[in-house]
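Protein chains in written order, with the working numbering: chain A, -13 to 523; chain B, 12 to 505.
Hint data in this document are derived by calculation from the structure and do not stem from the laboratory.
Using N, Cα and C, we set each Cβ at its ideal position, and we do this for glycine too.
Be aware that a few hints might be false.
Stretches of chain A that chain B covers, calculated by requiring three or more beta carbons in the stretch to come under 8 Å of a beta carbon on chain B [to be verified]: (1) 36 to 45; (2) 95 to 105; (3) 187 to 199; (4) 497 to 509.
From chain B, some residues computed to sit far from chain A (all C-beta separations above 10 Å) [unchecked claim]: (5) 298; (6) 305; (7) 475.
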Amino acid sequence: MLVKAARAHQLYLHNNPTYLRALEIARAAFAPIWEVTDELVFDVTETELRWYGDAVLRESEKATDNIPWMMYKDGIRELRFLKEFEHHELVPLLDILQRARKVSPEEDDLLTMLWEQEFSYLRYRYIDLSTDQAAPIDKAGFRGGEAGTQALQESAPPIDSTLASVVKLEDFDSTLYFLEDTEVEYLREEVRKEYEVDMRRNVVAMLLDTYETQGDNSVREEIAALLDTLMLHILSSGEFKTAAFLLRETAQTSERAPGITPDQKDQLVRIRERLSEPDVLAQILQSLDEASQLPDQEDLNELFDQLRVRALATVFSWLSKAQTPRLRVLLENAAARLAMANTAELVKLIGSSDREVSREAIRRAGAVRATAAVAALAKLTTDPDVPVRLAAVQALGEIGSPGALQFLERTIDDAHRDVRVATARAIAAKAHRPALPKIEAAIQGKLAKDANLTEKMAFFEAFGTLCGDPGIKLLDGVLNSRGLFGKKEDPELRACAAMALGRVGSEAAIATLRRASTEKDVLVRNAVNRALRGGAA
Amino acid sequence: MTAPERAVIDRTSANASSSDISGDPYIRRMGRSFIIALHGATRAIRLYPVENEAVKKALDELTSVTTEILTREGEFELRVTSEFIFINQTRLRLDLDNYASFTQILSLFRAAGVGIARVMPGVWPRDWLVFLSALQAPSEGEAEDRFVDVAERLQAGGVTLVEIAPPSGVDDDGDFRERAKEAAKRTYSQSVAATKDVINSVRMGRGVNLKKIKRVVQGIVDQILNEETSLLGLTTIRDYDEYTFTHSVNVCIFSVALGRRLGLSKRQLYDLGLAALFHDVGKSRVPLDVLNKVEQLNDTDWRYIAAHPWMGLLTLFQLRGQQELPYRAMTVAYEHHMKCDLTGYPKNVRPRTLSIFSKIVAVADGFDAATSRRVYNTDVLSPAAVLAGMRDNPRRGFDSVVVKAFINLLGIYPVGTLVVLDTFELAIVHSANPNPEAVSRPIVRIVSDERGNVAYPGRNVDLTEQNADGGYLRTIIKTENPDRYGITVGDYFV
């Protein structure tokens, strides 16, 4: 029953009915035992728990998951359950068994956990496999021998010994030695702080202080190696803020340590270099992606701020790989900061041969409005790959500088519709008037024949945004005029013209729209009404 | 049977007897509730009229706790000796959170001349009311008279479910003491052996078995929580040849005992103990000829000595084999020679706040070092003088509150101090008096007759003992140098 309860404790949430049932059954199993005895004593062997020599639990092998072996390997040889154990301490024991299963052999062992818990209804005997028999203390084992027998008066030498003294009681006012409330509070506060302080950070500071005060080469080499080791411990414990501290302070030490040699400096700097290496950083990001708990954004940012700029490529490549949505968000934000601070690297990455990295760099260049990236992005507007061209156009639109928009004029008649639509929208968004002739040419040209509604709408809206009243005539012609046989234009084109008029928004444009307000075609009428309501704005 | 198996069985039996001393954990836990309830009821009766709701509530609580123990155990015996409180043969622990209750109850029973109270099933709040009222209104005169007075009051009050008996003397706890002393000796010797092994391993650059150290520190924490006097007594062993190891163990014992007084949890005591045990581990990198140098140390030697804190920091990285590095121990090893104003050594470059653990270990280290005779320090000071110096000399740079708590722990005559009494007897301070008001009247072991003839093993007396006139039977007049009388203080604790 105990094993089943332990299994249930491991597998289920603690409000799960299956778990609660398993506990209930385990508790009930003790009841008949307490009718005949007040304690239940098991001998622990490698694979068995024995009661009076009979195995009551037998496991087939010495696996870390098996209760007898877990106990045996830590030296436990006897378990003694006292009456009422099941009501008071069953759950704490199950907790400990679960924790003990998970810990690595180097962490707190089962004995330490049991020791810390202070069970009242569970006792255990253990052997300490690691402790040698200590020599017993006896008088002969230590300095000095039997106390002599000397008469006080006879043996006393002149009183010059530092040990002989009269203690003045007035010096020791007894009330002094009761701690005042404020003193007790001070001590409690100190203990609280002791357990709140970041010990790793403290150790980093101590190592670097020592580095700066000790000029000996071997000491400095040792400390540099320890910092390297420590960095691993810090990262594996997820203390990114501390890792950032280590990098920041190491950099400072490498600049100011008295008499530091180039070799010593290199050794210190190498820690940051190594962490910025794609392979190493990818390992960190991989472990983050698999971690149950993620660091705070601020902590991650702090660490990334300390990395070499080449880390940016690794972070970019991981944005699409990360499986955990929250990690993606964290990386997005961290990448944005990095990109903002390192536009030169960003521009470099736009041309990366790694498509993922390049695409992310393009996106980031737009997001941070990196005007320095315009030339690199413009180059990509002729890339044979449509997604690359599209991303470049969007980024140029986001940057929105005159130079960027000038390059967009070239993609108005790109071979791919998505690129054209993105161009039209970007031009509209930035109200880039120099593009008006090309937009006008597009809506008057092949757009009417080949484009779908999305493209038509994008171009007409761009036209409406840029043309002003001079463009109303063209739009009115599309919306309201009849052709040779009294036939009106295609309803999709008319609806687009209505939306464009809405973008113009002047009185003349409104008047033109009103004339079409009684239109019978639903698509056109809805577009007109929407434009009149300002929906196109 | 193979030799290793024999060792295993021996160890098992050693642990068994060790756990006997700790007593029943249930009683320890419930005993704490009982002590707090008893103290609460006593206070309520003293402060309010009996019909007051606070009195009623406190008596109900006391009755409830007692009944619960009676129901489980079938008996309830409260035994109060000069230093300890037992319930059903289990000695209760003294902690910071029950310190006031504990000492008040000791004083109350002592003043009333009552040593034992047996409570029978069916006890009522009224029984407790009568008993506690009688305890708080003792008559004058000898202890026997005061006891008779309380007994008569109980009888007059119709209380039959609380029976009392007088105390049976200071050595009433003889059995307990003996077992505690044996357990303490075992813990101490294992600790010294393990510490020696670890420090030698470090010196030789071998791997360190940290599990061994864990067990050692856990043993010290258990011992301090169960009965600190015996282990504190063993710190008086000043082994000339094994100084490095005994010093580490002593500092660990003092630190844990002090930490307990400061209210640290069991886990925190373990952390503190581990840090304290390793505080001087950096000395494993200092050449032995420097450590053992008899002559004046030269500048190079001093540089080595002053380097041991940061060397300790580096050395503790050697304690691999564990997932988590011992950061707290590293901090303590590094900071234990820093003063509160951050002077001392090593020198700081970055801003820092001293850890409270470092402050505790600094005090424990300072005390043990100053009271130990070593190759290069033959003029040791008396423990009392050391404490006074730590308290009064701000240049020493100790935390004044921690020093105060340390003096509170050891008394102004620390354990192991040789004193001369006004009866001309020599005595060794055995433990601080459990009555915190009697800071100058510790429990002492008389080790000579009035003519100075030294005797072994001596006998314990409580210096608060009074004669019929209310005068003290014995009073300390001064401290003395044990060497003058050929006395090895440690022998009396072994």
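Quick rundown of the hints versus the structure:
no. : hint       : in the structure
1   : 36 to 45   : violated (count 0)
2   : 95 to 105  : holds (count 7)
3   : 187 to 199 : holds (count 10)
4   : 497 to 509 : violated (count 0)
5   : 298        : 15 Å, holds
6   : 305        : 16 Å, holds
7   : 475        : 12 Å, holds
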